[in-house]
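Colleague: This is what each chain is made of:
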Amino acid sequence: MSQSTEIAPMAAGNPDRLTGFRTFWHYFSVNRGAVIGLFVFILLVLAALFAPLLAPYAPDIQDKTAFLRPPAWQAGGSAQYLLGTDPVGRDILSRLLYGARFSLLIGAVVVTLALTGGITLGLLAGYFRGWVDVAIMRVMDLILAFPSLLLALVLVTILGPGLFNAMLAIALVLQPHFARLVRAAVMAEKSREYVVAAKVAGAGHIRLMLRTILPNCLGPLIVQGTLSFSNAILEAAALGFLGLGAQPPTPEWGTMLASAREFILRAWWVVTFPGLAILITVLAINLIGDGLRDALDPKLRRS
Amino acid sequence: MLKYILHRIALLIPTLVGITICAFAFVRLLPGDPILAMAGEHGVAPARYEELKEQFGYNLPIWQQYARYVGEVVTGDFGVSISSKRPVMEEFKILFPATMELSFFAMIFAMVLGIPAGIFAAVKRGSWFDQSLMGTALVGYSMPIFWWGLLLIIFFSGYLGWTPVSGRIGLQFFFKPITGFMTIDTLLYGKWDAFRSALSHLVLPAIVLGTIPLAVIARQTRSAMLEVLGEDYVRTARAKGLSPSRVIGLHALRNALIPVVTTIGLQVGTLLAGAILTETIFAWPGIGKWMVDSIFKRDYVVVQSGLLLIALIVMAVNLIVDVLYAVINPRIRAS
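Taken in order, these protein sequences are the chains called A and B. The numbering of the first sequence is our numbering, which starts it at 1 and goes up by one. The numbering of the second sequence is our numbering, which starts it at 1001 and goes up by one.
Bound conformation, chain A alone:
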């Protein structure tokens, strides 16, 4: 947030942004797991960005002489295909590298959609209360009444299978968590003195909501955003695995698992590596999430 407002939102006078970041990093880096998670995540982002340079082959190129070739270290494998090939002779390593693009994209798009929707609805509900609040929160309760994967499945059935529709469905399913969080935070902040002061100074509804109150709810939102990022990747992979997410031959990790399923007892590597990629990514993000909670949420901060 670029404002150093006349009505200082933080208690600590004029929070120098660098000091703010130092405090944050101090608490974040105490958590060793979080730092490892961040490191892995950066590697993943780099892998996704430079996939065309890093991958030895194009993700969809088929080598008709090398179906189900085992990884390099196993008998029958060769350095030509480090992690082996899939049933139609595609290089698994290359597909995994390209797959990182999809997983990170899914996480980013879903969190952006869910955040935007959740913040808007949560602000409206918490700020205006009354029937607006009741109407919005009832719908949120309703969404949460269904098991998330089931609701996502049904939504994809309505929208039609595919990566984009899967992202939409997951965003819709995850969004109530943000709305609840924002609403609770807004209700807690609304009667604080700095908000009243801003109101007296003549700030309008929009300004009060977006510039005065919202920045003070950011901490929990960032933590929830991180958790949703990993959730989104897991759910999208699950939908892909069930055949309703990204469609073959997209090198999305869940979709790769789905097409590898029938070979599990013959070729362990086709199944193992895509799942491992999902696990590592989700774990890294969850580790970051834990660290962010320690750093951003003073209530949970380790004493």
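Everything labelled a hint here was simulated from the structure, so no lab data went into it. Bear in mind the structure is a predicted one, so any value in this text is a computation, not a measurement. There's no promise every hint is true.
Sample of chain A residues lacking proximity to chain B, with all beta carbon distances greater than 10 Å (derived) [to be verified]:
id, residue
1, Phe24
2, Phe28
3, Phe41
4, Ile42
5, Asp60
6, Asp63
7, Lys64
8, Tyr127
9, Leu142
10, Gly275
With a straight-line cut-off of 20 Å between C-alpha atoms, the simulated SDA-like cross-links for lysine to any residue are [claimed, not checked]:
id, chain 1, residue 1, chain 2, residue 2
11, B, Lys1297, A, Gly89
12, B, Lys1053, B, Lys1093
13, A, Lys190, A, Gln247
14, B, Lys1085, B, Val1027
15, A, Lys64, A, Trp25
16, A, Lys190, A, Leu210
17, B, Lys1176, B, Trp1192
18, B, Lys1240, B, Val1123
19, B, Lys1297, A, Leu159
20, B, Lys1093, B, Leu1309
21, B, Lys1297, A, Ile158
22, A, Lys199, A, Arg211
23, B, Lys1297, A, Leu144
24, B, Lys1085, B, Val1123
25, B, Lys1053, B, Phe1026
26, B, Lys1297, A, Met137
27, B, Lys1297, B, Val1027
28, B, Lys1297, A, Lys190
Backbone N, C-alpha and C fix where the C-beta goes; we use that ideal spot for every residue, glycine too.
Mind docking chain B on chain A? Use the hints.
Modeller: Just chain B now, with coordinates in the frame of chain A:
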């Protein structure tokens, strides 16, 4: 207490209405004509089309259609499956116990391992056990369970050859269900080999489904325990000279378990979502696999009713948890 329960139920009414609207809207939101969508790729003869339109009430105004739908649901009529031509409720009654049994054993697995592990980690806070347990719990929490299931199949079924790959019981066993729980029914009939078969089919899916709840319960037990261990009454109990096992087992544990019970209750949604994946992997004949199969078979009557029934189950369980919570913790009742 009764007043509290009635109040809780009253609060659920809007959600209940909402759930029926969702299920009602589902079939009507499907792209294209609902009857053609239900008929699938084969299409339907014009005469039959009109007949179906009449039968499903699509010629009525929308609010009358909804009223009619609610009327059917309330009287327990959930329609007839398009693919199997059997009443949806009848199928549900056969398949639901399978999901119940799987979820039950998954939860037992998660609790039996998770609660003691969490307690031990809290008592030995900062030890290597605590750190490695919390690390493992985070891995479990991040686990794509569909992949975890495949890995277990590769190792235990493929490599070791210990467990079967799919189904609930060996095909050579056949008997009329009594409770619907294979493990109990086989015992009631006194067939030990069938019981062993049922158990060996159950082990892997239960572990897979129980993995995320296990991680959540272990983490929750640990943090609840840590909180309680810092309380004054625990210090008092210690100061009185009670043995550590008595302090932990009696004074601390009882209070720490309250949030854990809630967590366990809240896992029901997770379990049912997980059952969709677990049952698909292990070909477990429960409602999760039923839903996925029905989506692919375009049997939207089943999907619609399944959606409704599953949401009702989750709601009912949450209500029970809330009430139980109030029973354990009188402070909730008062507010």
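Colleague: Which constraints among the numbered hints does this structure fail? Numbers only, ascending.
Modeller: The structure conflicts with hints 9, 10, 11, 12, 13, 15, 23, 24, 26, 28, although it agrees with all the remaining ones.
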